[in-house]
Amino acid sequence: MSIALSDVENIAHLARLHLSDQEKEEAAKSMSNILNLIDQMQSVNTDEVQPLAHAFDAVQRLRVDEVTESNHRDELQTLAPESEEGLFLVPKVIE
Amino acid sequence: MTELGLAQISRALANGEFSSLELTQEYLRQIASENGDLNAFITVCEEQAMAQARAADEARSKGEAGPFSGIPIAHKDLFCTKGVRTSCASKMLDNFISPYDATVVENFNRAGAVVLGKTNMDEFAMGSSNETSFYGPVKNPWNRSLVPGGSSGGSAAAVAARLCAGATATDTGGSIRQPASFTGITGLKPTYGRVSRWGMVAFASSLDQAGTMTQSAEDAAMMLNVMAGSDPRDSTCSEAPTEDYTASLDKPLNGLKIGLPVQHFSEGLNSDVEKVIRDAVAEFEKLGATVKEVSLDNSHLSVSAYYVIAPAEASANLSRYDGVRYGYRCENPSDLEDMYKRSRSEGFGAEVKRRIMVGTYALSAGYYDAYYIKAQKIRRLIKNDFQRAFEDVDVIMGPTSPHTAFPIGSKNDDPVTMYLEDIYTIAVNLAGLPGMSIPVGLVNNLPIGLQIVGKDFAEAQLLNVAHQFQLATDWHKRAPGK
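From first to last, the protein sequence lines stand for chains A and B. Taken in order, the first sequence gives residues 46 to 140; the numbers are from my numbering. Taken in order, the second sequence gives residues 48 to 529; the numbers are from my numbering.
Be careful, since some hints might not be right.
Stated by the list, open to error - Example chain A residues on the side facing chain B (calculated, C-beta under 8 Å, incomplete):
1) His63
2) Gln67
3) Ile83
Said to hold, decoys possible - Think about it this way: if two alpha-carbon atoms lie no more than 25 Å apart in a straight line, the pair counts; the simulated DMTMM-like pairs of lysine to aspartate or glutamate are:
4) Lys138/B x Glu120/A
5) Lys69/A x Asp385/B
6) Lys137/A x Asp382/B
Hints in this document: simulated from the structure, not taken from any laboratory. Virtual Cβ for every residue (Gly too), placed ideally from N, Cα, C.
Isolated chain A, as found in the complex (with noise of 0.2 Å):
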């Protein structure tokens, strides 16, 4: 099955990508490749199958609700590219 440019671009803009013309065309192309073999999946019918999101089956597990953390910021924020005051800096949002 191929992708259509046009999906191309959705899919890139949902993962916040960018991808200049040629970029676009190899990723129809290998995107296709991949998906046929995706496809293959379709040639077993699970109808009766219940899905496996963990191998073991297990569920989230839960703690109780007390403080354990302590706060970090500014040692963590000298990592940033642009901060200020705690705060960390990016361009405007147009909208």
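Got chain A; can you put chain B on it based on the hints?
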């Protein structure tokens, strides 16, 4: 000294044959000499390693050394190491100095290990050849025009070239077992949840597992003793009790029932490789095991299901890389959307972007049921296949890889040919089971690995099975150029 395995080094240090500092300095010399070509290490931690070695020697002089004190290892560069670059072999994290240690790293530090450096890998663990690294490909020490396998190619090459006594690595679809097979060493992927993933940069959260690269099963058992265990910081980490993984290495194999999946011995398997594998299985029969054929009916769908689930989970995990809080940010973004898109597109390599795209597609409205849910249903069928087989046998064996190491650059045309490299290993991750690869022979002077798969939390049995083979044979002692 650097030829010695981990267990041998432990004994030698305890007997005072050499100091950890001497050993560490020798490894650092070898790394300085070899790494320029092999490219197994992204970061070498000279000062830190020598400080750790001195501390281990001092602890030993006070009678406070443990079995792992002073042993030089390396960590795959997706384990967070405090104060040291943790790059995941990506431009996205080239400038990332981790503010904390992963649980695995903490465990080894507490055990007194010496960390020589961070090893090269496929970018964000996505690959089967270590060719997608931002820092360039790793070369196979057995033949430097060939790949070492991936994604843990750096860890494998480092151990094979005797640049460290052992290395940590991770396996999501075969990333420990396949490079171990290509480089003639012992690779162990424990049961999903056996080792904490806290501080281990996530690729596919339901599949990723930390494991070991070593010269032998005995060495792997020593490393697993340090790594295994519950961790409240990782809610997917099992609370199942751990054990001393070295304690049952010496159990004889009489009565062991081995299953060979018919699907792993069919077309696509190189006939020379098949012969080596069957000879290895015959060796196990000499040790008292019985062999029967088993069937993993849905084996042929494992790669398809994996290439939905893993990219889908990756697309979610990698959405955090946005240039805001850490990592790469593009120059002069015009607005927030431009910043996100260009930071990500410039920071990520081609394979990573490809998988993010596939994963995003599989999870998007209209495709979620057909792809993601379908893949999870296939996953249950694959898990059921193993459960059924394990009613009749104790362990499952077969080739780790359909062939030996391939030339660097030879699989760049169609990503699917690379994906099929993991055809025998992937199902094990989907089922969450423990798996090993041990070297069992050579084809055209290149190593071949035997995959051994066990029931959940049966690492001790796997290590015992592998160890008994390694007592009776010497494939694991072969090193490149020797």
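Results for each hint:
With 8 Å as the threshold, the beta carbon of His63/A comes within range of chain B, its nearest partner Cβ sitting at about 4 Å, so the hint holds. With a least beta-carbon distance of about 12 Å to chain B, the hint placing Gln67/A at the interface is violated under the 8 Å criterion. Using the Cβ-Cβ criterion of 8 Å, the hint placing Ile83/A at the interface with chain B is satisfied: the shortest such distance is roughly 5 Å. The suggested pairing of Lys138/B with Glu120/A holds, with an alpha-carbon distance near 23 Å, which does not exceed 25 Å.
Using a Cα cut-off of 25 Å, the hinted pair Lys69/A and Asp385/B holds, with the two alpha carbons roughly 17 Å apart. Using a Cα cut-off of 25 Å, the hinted pair Lys137/A and Asp382/B holds, with the two alpha carbons roughly 6 Å apart.
This entry does not satisfy hint 2, going by the numbered hints stated previously; all others are met.
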